Amino acid sequence: MAQLPPQTIQRDPQLFYWILFPITVVMILTGILRHYATVLMASPPKKVEQPALKEQRSLMHGVAVRSNFHVLTAPSFKARREFLTTAFESGAYLKDPERRGQPPANPMTDPGAMDGMMGMMKNNMAMMVPNTLIMSWINTFFSGFVILKLPFPITIKFKSMLQAGVATKEMDPRWMSSISWYFLCYFGLQFVFNFLLGSDNAASQMAQQMQGMAPQAPNMFGPGVDADKQFQAEAENLAVIKHYSVLDDVEQRLLEGIKTR
Amino acid sequence: MPTEREFQVAPIVPESVMHNTKALSNLQSLTASIFGVAAGILGLESYSGFLFYFIFTILTTILFYTFRVAPTSLKSGLGAFDTSRYFRTQYEFWAGGVFGGLAGYILTWTLFYGLVRA
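Residue numbers (my numbering), protein chains in the order written: chain A, 84 to 344; chain B, 2 to 119.
In isolation and in its complexed conformation, chain A is listed as follows (with noise of 0.2 Å):
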């Protein structure tokens, strides 16, 4: 096969000025104002009434018995382990002691449950218009320049993608317009935001797509949730426990800690 010699298209040097440059700024600016927007946005915990709270932390007391009962000694754990197991059982932690056994209420018609929802709904908001101005402005002002070339080949098949706006047939596929230079901002600037803002920023669109994808821990205390039989489970677990020290045999591996050396 013979090889074609490789396209070449005399652009005007102008076009970095007026389209790459203010595109990649725009992008870098915008990430900084998601970022900002976002903690601005980010609402304070809420107060939680003294019974709930308390129901709360109870319930994850007995969660930090369960799960670090080996630094305590053998009757320390028993006394803790008792007392716990029978406030659970009897109820003594729950925020309304009467509405035992009863179905938890519907999430929709709790006012506290539209809080989270609100709060998804502002993260998505945040996320999707700027991603639709920047899109359209692009579209309006910048379709139809091919403006740099990609270092690698790619099949056919991306033409249509980074060549929107050029109906150009001949055109080899490694050349791209405007749009495709925002589609690689979009998905390489995350380093820039690592510098400007730190590594927990939350400027890349990435980023908070992964978070969304990630499985969500299940709400331990959201609403919608039996909390009697949450407790009911934890003195269960307390109850199971074979309880043993980190201390049991330090005696001897401390000597085996001295013969190796």
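Hints are computed from structural coordinates only; laboratory data are not their basis.
Hints should not be assumed to be uniformly reliable.
One side only, chain A facing chain B, incomplete, derived with CB under 10 Å [stated by the list, open to error]:
| hint | residue |
| --- | --- |
| 1 | THR107 |
| 2 | VAL108 |
| 3 | GLY271 |
| 4 | LEU272 |
| 5 | GLN273 |
These figures come from a predicted structure and were not determined experimentally.
In this text, a Cβ means the ideal position worked out from N, Cα and C, and glycines have one as well.
Based on these hints, arrange chain B on the given structure of chain A.
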């Protein structure tokens, strides 16, 4: 593989592991973009560009290992190239950066290739 009991005797602090991972990924995303600039100025195309990236990223990781991880890790009795003293998995240490920095690399590579060569 250490048992649950051994973890309780010598616990691993998740915050410190997170900090280590973050330091490594920050370093790798910065170096990836700098490698992109270098590859673009050199005018590398297709396979040679990707090869350049992989070789230099792995080189960065090895340098990171020899200067930051190895001195204390070897002293504590772990084998060579064993990063379990500071990182959760071997895979995360050796291969995590290759994919994390790729997008930044392609961005700067394309930009500088377009400005200098094409």
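**OP:** Hint by hint, work out which the structure violates, then give me just those numbers in ascending order.
**Re:** 2
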